[in-house]
Amino acid sequence: MVKRARLPGALLIDQKQPITFTFEGKTYQGYAGDTIASALAGAGQWVLSRSFKYHRPRGILTMAGQDSNTLVQLLGMPNVLADKTLITDGLQVEAQNYTGSLMNDKEAEISKVARFLPVGFYYRAFFRPKGIRNRIWEPIIRAKAGLGKVDTRHRGGYYDKAYGHYDVVVAGGGLAGMSAAISAAQHGASVLLVDENPILGGAMNYARADIKGKRLRARCAQLRQTIAESANITVMTDTVCNAWYVDHWLAVIKGCRLHKVRAKQFILAAGSLEQPAIFHNNDLPGVMMGSAAQRLMNLYGILPGKNAVVLTGNDDGYGVALELREAGAQVQIIEMRDLALAQATLHDGCVAAGLRIHYGSAIYAAKADRNMHHINGVEFGKIAGKGTIAKEHQQISCDLICMSVGYTPTYQLALQAGGKLGYDDDTAIFSIENLPKGFHLAGSLNGVFATDDVQADGQRAAAQALDGLEITHSLAADFLPVMVQVNHPWPIFEHPDDKNFVDFDEDLMVKDIRNAVKEGYNELELVKRFSTVGMGPSQGRHAALNAARLVAEATDRQVRDVGVTTARPPFSRETLGVMGGRVFSPERLTPMHHRHAELGGHAMRVGAWWRPGHYGVGVDRVAEINSEVRNVRENVGLIDVSTLGGLEILGADAAQFLNRVYTFAYLKQPIGRARYLLMTNEAGTVIDDGVACRMAEDRFYITATSSGVDRVCRQMLWLNAQWHMDINIINVTAAYGGMNLAGPNARKVLQKLVSDEVDISAEGFPYMGLREFQVAGIPAIVFRVGFVGELGYEIHVPATAAEYVWDQVLAVGQEFGIQPFGLETQRVLRLEKGHFIVGQDTDAMSTAEEINMTWAITQKKPFFIGKRSIELRNRALSKRKKVGFRLPSGITSMPQESNLVLKNNKMTGFISSVWLSPTLNAVIGFAYCAREDAQIGNHITIKCDDGTLHQAEIISPHFYDPDNARQKL
Amino acid sequence: MFIIDCPWCGARDQSEFSTHGEAHIVRPEDPETVDDTEWGQYVFYRNNVKGWYRERWMHAFGCRRWFNVLRNTASDAIATTYVPGAPRPSLPEDT
Amino acid sequence: MSAKPNRVGKKPPQKYSIFSLAHQAMQKHTGWQAAWRSPEPQAEYDVIIVGGGGHGLATAYYLAKETNVGRIAVLEKGWLAGGNTARNTTIIRSNYLCDESAKLYGHAHQLWEGLSQDINYNVMFSPRGVLMLSHNVHDQQVAARHFHALHLNGIESHLLGPEEIQEKVPLLNMHGRYPVLGGLYQPRAGNAHHNALAWGYARAADQMGVDIIENCGVTGFMIKNGVVKGVKTVKGVIRASKVGVVAAGHSSVLAEMAGFKMPLESMPLQAFVSEPVKPCFNTVVMSNSVHVYMSQSDKGELVIGAGSDNYVSYTQRGSFDLTDCTISPLIELYPFVSRLRMLRQWAGIVDITKDRSPIITKTPIENLYFNCGWGTGGFKATPGSGHVFAHSIAAGEMHKIAVPFGMDRFTTGALINEAAAVMH
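Residue numbers (the working numbering), protein chains in the order written: chain H, 6 to 974; chain R, 505 to 599; chain C, 23 to 446.
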């Protein structure tokens with residue numbers, strides 16, 4: 006086990022709590038609070054991964070979870086950020102993307118053929134002769150794809166969602182964010198302060214603004230105290246505000262929970278991301294951001310190198326140098342600016358400490374050991390011009406190169422909100438404009454870097470937010486910060502052997518970007534797509550600015566004209582599990598649901614509903630269905646129809662309303678009568694049907710299809726929002742339980758459940774009659790319809806009593822041979838009777854004329870929805886028509902629904918319903934066929950699944966009881 | 505994920521609402537007298553404006569009532585909501 | 023029509039091959055020609071195509087290659103292929119139900135199969151197979167109808183049962199909220215590289231003299247006596263004998279400039295890309311009834327498609343509700359993805375017709391043609407769409423495959439029944 010001493014005073018680790026874990030099979034020790042990367046660095050293991058294309062060794066770059074150099078594999082979890090993920094006892098960590106071992110990756114050889122793999126090489130070859138790509142090349146390319154391995158056996162973990170509502174949400178808990186949160190909260194606003202780190206403070210926890218390095222720590226402690234004492238600030242650490250949507254809807258993610266947060270005002274104080282310099286071997290372990298070195302020292306107590314070189318283009322590099330020196334390292338500074346520009350407090354501190362500073366110089370190349378596992382020196386020289394270094398080079402032996410050459414604002418959420426990123430090519434200062442109302446920036450996102458100014462800028466943002474909340478305050482809303490130039494305008498240097506990386510994720514070098522432009526991909530977005538710069542796991546965080554600079558240079562434009570990039574959610578890579586949350590599975594059960602299970606019903610899912618398809622032991626589905634069919638035809642059956650949609654239309658204009666919405670006539674429909682309903686849409690297509698029961702002059706109880714009722718209700722509400730008729734529309738589907746009692750013995754059964762005063766004789770309660778009386782003592786709406794073609798009573802009772810009534814009907818029906826029947830049985834029964842089902846026998850184009858329902862369309866009404874389109878479509882009739890057909894019962898190959906109707910081997914239609922009718926002893930069905938063939942007596946050709954062709958005779962679709970004698974009994 | 509100010513219930517999340525396309529598509533007064541082209545325009549053609557757009561929304565998981573929304577389809581900003589039959593609000597200045 | 027111009031520029035066009043790649047490697051790749059020129063617009067063209075996405079570039083390519091139209095320009099508002107071409111899930115299939123659609127998409131599919139060779143650019147068409155899942159009886163019936171219709175049209179497809187599906191896609195959860203009852207599998211379908219398609223067409227068209235002009239937004243049309251005479255652009259007026267508009271989500275905006283409406287609504291269509299992982303998902307799997315589509319790219323990213331939001335928006339940004347409604351069922355269908363991370367998300371602006379079929383049409387303005395309404399499924403049709411549109415514009419009469427897709431169908435009622443079973 007490898008174990009080394011840490012520096013004292015590390016903020017995030019507890020050296021009293023050692024933790025052991027393995028990396029690549031070897032055991033390491035770290036401490037509670039250590040990330041995988043810090044623990045490994047603490048043990049001297051700097052190589053963490055192999056790069057995507059050239060398999061170069063990579064190590065810590067940002068120590069902030071903002072790069073993909075540290076992506077490692079946990080058990081079944083690929084691409085985990087080693088610099089953000091905490092170690093736990095026994096954690097097994099593997100490196101990714103190598104063959105052999107991490108330290109000796111056989112695929113690193115690919116660097117040698119890199120010249121044959123220029124950017125976009127795959128567009129230019131591997132496609133001749135035809136077919137070769139898919140047989141030969143694609144398998145090779147796919148084998149090289151990807152980084153980590155996903156655990157395909159993983160069955161999903163626990164994820165969920167929460168909701169939050171705040172006056173102000175502040176994203177970023179550094180100095181600006183803390184300052185803004187405090188100021189807003191002090192004026193009474195409810196505040197959510199979000200930070201992705203384990204503790205608030207941001208750069209105050211590791212950076213230094215003064216020579217002694219005390220000032221920021223002290224201020225941080227004081228602010229943290231204030232926030233802890235503030236009742237109306239909610240703090241969420243280890244939390245990322247990952248997306249912004251319109252009206253400040255924020256995806257805030259902590260662990261496995263997604264908080265859907267709505268803010269009235271949003272303050273983005275997410276700070277800045279330090280940017281790399283570009284020189285030969287700038288990607289190897291030992292080269293890191295200055296801030297990464299500071300994080301390692303101050304947060305984790307790790308000295309990242311004994312001999313350090315700091316490449317700086319701003320004042321922050323001197324802070325890094327002082328930090329390293331205090332921790333015991335030898336330090337030299339390569340300053341890209343001249344002495345005159347570099348002079349500032351921290352610089353002077355370095356001079357006083359005797360650190361050697363090479364002014365006006367830059368790194369030409371980093372030197373590394375043979376395996377490139379770690380850098381061991383640096384070659385540098387005077388800057389001769391933009392991007393070039395004078396011929397005379399010097400060398401320094403070193404084991405650490407820190408880069409402090411500039412920052413990009415963490416602009417992602419602002420750009421998601423429509424913000425426009427500006428860049429001043431002269432000062433290399435960014436700006437963000439065009440933000441939506443209520444979206445404020447604070448701190449370095451505004452280009453403010455000086456400590457006091459950052460704090461003041463936080464207050465200014467809070468002032469703006471309070472203005473937006475219309476809360477009075479005395480905060481200064483305007484102040485003029487000192488603009489500090491933190492970005493060197495051109496930290497990009499040539500090298501004859503390249504390997505000067507612009508994008509570490511995608512292994513892209515300076516020449517790759519230039520070549521892309523040269524080949525005509527001259528817009529940044531095209532360069533991005535052609536070269537894939539910025540498309541890797543770190544989403545261009547460290548590539549976007551330098552890529553834009555190179556494109557600007559190559560196209561002779563300014564960076565501000567080229568634009569840096571766009572940003573869409575998410576800000577950070579986020580697991581799909583968190584986004585999806587818990588998976589809910591809504592189900593609807595009828596009031597009699599449990600009875601069906603007891604009776605042996607075979608449940609089938611119909612939309613959200615569960616319904617019994619048929620009952621029985623389930624040995625022979627067809628036989629069981631047919632047995633239920635026979636029982637309905639010969640005795641009596643009972644089916645649960647509670648899923649049927651129910652609507653009440655109340656009011657003086659109720660009949661008039663139905664007359665406008667449905668195709669039939671309802672004005673003169675007598676009270677106590679039911680009438681068929683057919684609905685078409687504005688395009689004249691059949692979309693729903695049902696039954697209208699006139700309960701009173703001003704009251705209809707109507708049914709709609711199970712799947713259509715919500716749509717029908719919504720549409721009715723819309724229509725009446727326009728028409729302002731005197732009606733109310735109420736969806737009562739769930740208020741009633743329904744059952745249909747059908748068969749020649751139906752009246753005998755019902756008679757047993759109603760009092761003697763109720764006349765249910767054929768004369769007293771005729772077909773299409775409607776009555777309200779008590780069934781088994783429960784008030785019921787009862788109407789006579791003939792969907793299955795037998796004497797039948799549809800009984801609708803309050804849902805709470807439905808199971809009771811169901812039980813009573815079955816009980817008294819015993820002596821008459823009653824059996825429950827299911828949905829599939831009902832479908833056979835109605836087919837025999839010749840009734841169509843919306844959605845089964847119609848599609849999104851079906852007209853009433855095609856399906857022979859013109860009888861349900863009255864021409865006498867001046868208007869109904871669909872009337873005009875029906876007339877139009879009746880003038881130019883479609884090519885198809887729905888027909889009934891029959892095949893002899895003896896056929897060996899049974900046609901199925903969806904089998905085609907052919908004519909001269911061309912499709913003219915298809916079967917929408919078919920069954921071997923137990924009643925008629927013949928195969929009957931509905932089919933669409935060519936209009937010209939749709940005469941009774943003609944034959945159509947049906948092709949079965951096995952290719953058998955049948956000649957089916959077209960007959961009347963009213964296969965069973967065409968005179969309707971049985972349903973009128 | 506805009507906030508919609510339901511004229512009856514107040515400001516609610518977009519998730520509570522369903523949307524049903526352009527508003528003020530007026531059915532020809534007498535459908536029988538218009539020609540097929542005009543009728544087809546009524547049924548199928550929409551202005552599909554990039555900019556301020558009047559559209560129909562319904563508070564599906566709320567009061568279930570319909571109303572109109574004046575929304576900018578280029579930015580998703582909502583200027584106002586109004587009940588059916590109310591006078592059409594004029595377009596905001598910044599179009 | 024004037025004579026065809028010679029290739030503009032001195033050198034003959036560079037051919038892409040493994041040999042040119044090796045040759046260039048010796049010169050450190052300094053010798054590659056620009057894939058296309060960046061010309062300034064000329065004063066006049068025979069045909070102007072408005073819209074530099076895949077469909078527009080394909081149209082220009084086939085105009086230059088197969089018709090006698092001389093001077094051709096493609097005008098693009100932003101950068102090439104920056105619209106829906108860059109914002110889709112690259113699925114290619116031709117399993118459509120109606121004869122009209124089957125012909126159109128079948129035509130496209132045929133062109134796909136030889137496209138890399140034709141345009142000398144690797145469009146990476148990968149017929150890895152497309153599987154459409156059935157989750158309920160209705161889905162199964164629709165799948166069966168498609169199967170039979172495809173069989174009749176000579177397009178190979180197979181109805182698979184649960185066992186065969188589990189074997190083909192072992193990562194699929196067969197028994198969750200969306201039980202898998204079966205599926206329709208088209209082995210010759212697959213996906214391709216969206217950018218390569220557009221860039222390949224652009225390069226090939228450019229080599230035949232087509233002017234491809236980026237950053238050249240159209241601000242209006244010049245129309246005289248009902249005949250189009252040219253376009254007004256941010257780079258000035260450009261005259262043209264004929265104009266073809268292929269502007270996807272912005273079709274209505276352009277139609278308004280020409281003074282008419284289109285039967286379209288433009289809505290956000292979201293897609294998602296995961297971080298790259300080692301290949302684990304070889305088939306393109308679509309689930310139409312829950313609107314989730316997934317495939318794995320050659321780079322290792324899982325590419326996930328959603329259904330469209332249902333409100334008009336030009337923001338290229340959808341709602342999180344729809345993201346939610348896509349990812350939840352995705353996890354239910356493929357539990358292993360819950361630990362995968364999403365890297366990018368985007369939204370295209372899709373122009374949707376009421377019958378979910380495209381519009382390839384003449385317009386009320388003479389010599390002004392529109393090709394739009396591809397909705398959520400235009401990528402697969404790109405070669406066929408461009409091909410029939412090019413021939414229609416050149417001839418002044420709609421290509422026979424395009425005839426049923428005229429906008430007049432919305433007034434005659436002869437809609438194309440693909441809406442019966444919306445598929446993407």
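Treat the hints with caution; some may be incorrect.
[Stated by the list, open to error] Mimicking DSSO-like on lysine-lysine, the simulated pairs with C-alpha atoms at most 30 Å apart in a straight line are:
1. C:K87 x C:K254
2. C:K125 x H:K908
3. H:K391 x H:K31
4. H:K58 x C:K50
[Said to hold, decoys possible] Which chain C residues stay away from chain R? Per the calculated CB distances, all over 10 Å, these:
5. D68
6. E88
7. E278
8. G281
9. P285
10. P301
11. V334
12. D373
I should point out that these hints are in silico values taken from the structure, not numbers from a laboratory. Glycine included, C-beta positions come from ideal geometry on N, C-alpha and C.
Against the structure, the hints:
no.	hint	result
1	C:K87 x C:K254	holds (27 Å)
2	C:K125 x H:K908	holds (19 Å)
3	H:K391 x H:K31	violated (46 Å)
4	H:K58 x C:K50	holds (18 Å)
5	D68	holds (30 Å)
6	E88	holds (33 Å)
7	E278	violated (8 Å)
8	G281	holds (13 Å)
9	P285	violated (4 Å)
10	P301	holds (35 Å)
11	V334	violated (5 Å)
12	D373	violated (8 Å)
The structure fails hints 3, 7, 9, 11, 12 (numbered hints given earlier, in ascending order).
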